[in-house]
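What follows is each chain in one-letter form.
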Amino acid sequence: MPSLAIQLEGVKKSYGNNIVVDGLSFAVARGECFGLLGPNGAGKSTIARMVLGMTSVDAGKISVLGESIPARARLARVRIGVVPQFDNLDLRLTVQQNLLVFGRYFGMSAREVEAAVPQLLAFARLETKADAQVGELSGGMKRCLTLARALINDPHLLVLDEPSTGLDPHARHLMWERLRSLLARGKTILLTTHFMEEAERLCDRLCVLEKGHKISEGKPHTLIDEQIGCQVLEIYGGNPHELVTLIKSYAQRIEVSGETIFCYASDPEQVRQQLKERAGLRFLQRPANLEDVFLRLTGREMEK
Amino acid sequence: MGQAYLAAMPANAYNWTAVWHRNYLVWKKVAIASVLGNLADPITYLFGLGFGLGIIVGRVDGTSYIAFLAAGMVATSAMTSSTFETIYATFARMHAERTWEAILCTQLTLGDIVLGELAWAASKAVLAGTAIGIVAATLGYAGWMSVLYALPAIALTGLVFASLAMVVISLAPSYDYFIFYQTLVVTPMVFLCGAIFPITQLPSGFQRLARLLPLAHSVDLIRPVILDRPGSDAALHVSALFIYALLPFFLSIALFRRRLMR
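Sequences listed follow chains Z and S, in order.
Mapping of the first sequence onto our numbering: residues 53 to 356, in sequence order.
Mapping of the second sequence onto our numbering: residues 2 to 263, in sequence order.
Looking at chain Z on its own, in the form it has when it is part of the complex:
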């Protein structure tokens, strides 16, 4: 069995003059959670679809679970589970029927699916909803059912396109907990997200994308240490441009985004000292995160 779950080499894709993926290469090891992080339009979903063989590639090579894509994508998909960006459950069927129908798509017999269903319902915390119409479920429940559905074929690899987008905080934490339990069971995950916290919590490694380019790749904390490596002081409530001149010499780096100053300083206390005469300013001191990395690499905040 090849040790790499996914390998992309020099992959390019454009629609007309619009270049969506521009010479992208990365590799995902088995058992790893690899994140594609970037704002909307960075090409994340296109990459996920290309990995599944659902979007053609203009140039470059993709191999997934040892199969070359797209020629042998069908054989790779036998061992892949997918959570798409937009729910596509069968709204006219019950929770249990959704799993049954999906099992059949993988060539499973009714008996095989029925044996798997109780475990999947328990995994999705939907034991009591087996006979409910999918249309009656909350957004979080639908998402969990989509994840359970992706597990029906006991896949080696999961491709998750924005799995927690649109979920409330409670449902999101449940989703993250469920995904961690899958990683503990040795599954490989390819995750796209524009959610920094999600990427930081779940991903072993990630690739930061902007407009189809890879702008950085590595472990989340290594990226943060390398790119930022100090505390962050957010300052807001004043005229940013006027304030910057006061604190410039006390900070390693300063970014202004909207009305907020992001001040990267090894000694934030000194910066505060400079501004203590100013009334109405608000300060937030925190450790650096991926948001700062993105701001540093692209010069702008990620759009939510």
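No lab work stands behind these hints: they were computed from the structure.
Nothing here was measured: the structure is a model prediction, and the numbers come from that model.
Glycine included, every Cβ here is placed at the ideal spot set by N, Cα and C.
Don't take each hint at face value.
[To be verified] Pairs of lysine to any residue residues, derived as SDA-like cross-links and limited to a Cα-Cα distance of at most 25 Å, are as follows:
no.	chain 1	residue 1	chain 2	residue 2
1	Z	K113	S	R260
2	Z	K181	S	L26
3	S	K30	Z	M193
4	Z	K181	Z	H222
5	Z	K328	Z	I299
6	S	K30	Z	N140
7	S	K30	Z	L173
8	S	K29	Z	A182
9	Z	K64	S	Y6
[Stated by the list, open to error] Footprint (simulated), chain Z over chain S, 3 or more residues, beta carbon under 8 Å:
no.	segment
10	24–38
11	89–101
12	105–111
Given chain Z's structure and the hints, the job is docking chain S onto it.
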């Protein structure tokens, strides 16, 4: 293109059954309404046109008009049933409901999905065509065994029109475009293809055109069976219908690939 197109073909001989089965599960929930609708429609037509017009028309092709019409309507309703299933229900599954998108994430190919949808639409056509046959047989205008013997031809008719409609939905941006297919293709065929009156009533130019149309082949295949009389050129009609089913099938897979997997 070549390799990727081949990868989109049906993967094996049975994958499509999963798609058929999914549609059956959903249909089962509304089965009673669906069957009643299939019965009510032909009864209305047979009484309205058959008795009403039948009195004025008298005998056609050596049989009562209502029997002539019933046999034509078996073919027509197979056509409309599979056409409507495809342009409305299948289009919804391919487009707004994202059912196909979910299936494409499994080991099924686009070809498997299209095949399953065709088989499903043909099943609905069998249901609709048989419903008319049953009404006609109950009224004594057709033999019960004749209806049974006509089933393969009804299914083939369903397959043909589902396949043609598949090309239409692979190109249509939205539901609004289907009205053109209905009014410019489906409805004229009902009148041109000998379903309601014999093709020989048409001007000779139209006759030549009409004999090429798929519904004419269906009517010429089904009517002799229903009316229990010897048919002619059965092999020709079956071959023509197979061509009308197969070419759009392969074309629609290429068109869907362009639409859904670009």
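Going down the list of hints, with the structure as the test:
1. With a C-alpha separation of about 23 Å, the suggested pairing of K113/Z with R260/S holds against the 25 Å cut-off.
2. Restraint check for K181/Z and L26/S: the C-alpha separation of about 19 Å stays at or below 25 Å, so the hint holds.
3. For the hint pairing K30/S with M193/Z, the CA-to-CA distance comes to about 23 Å; that is within 25 Å, so the pair holds.
4. In summary, the hint linking K181/Z to H222/Z is supported, as the alpha carbons are separated by about 19 Å, within the 25 Å threshold.
5. The suggested pairing of K328/Z with I299/Z holds, with an alpha-carbon distance near 11 Å, which does not exceed 25 Å.
6. Only pairs whose Cα atoms come within 25 Å are accepted, and K30/S paired with N140/Z is accepted, the gap being roughly 20 Å.
7. Straight-line distance between C-alpha atoms of K30/S and L173/Z comes to about 23 Å, which keeps the hinted pair within the 25 Å bound.
8. Our distance criterion of 25 Å between C-alpha atoms is met by K29/S and A182/Z, whose separation comes to about 19 Å.
9. Between K64/Z and Y6/S, the direct Cα distance comes to roughly 20 Å. Compliance with the 25 Å bound is thereby established for this hinted pair.
10. Coverage of the segment 24–38 of chain S by chain Z holds in this model, with 3 residues showing a Cβ closer than 8 Å to a Cβ of that chain against a need of three.
11. Judged by the Cβ-Cβ criterion of 8 Å, the segment 89–101 of chain S is covered by chain Z as claimed, because 3 of its residues qualify and three suffice.
12. Interface restraint, the segment 105–111 of chain S with chain Z: holds (6 residues with C-beta to C-beta distance below 8 Å; minimum three).
Consistency note: the structure conflicts with none of the earlier hints.
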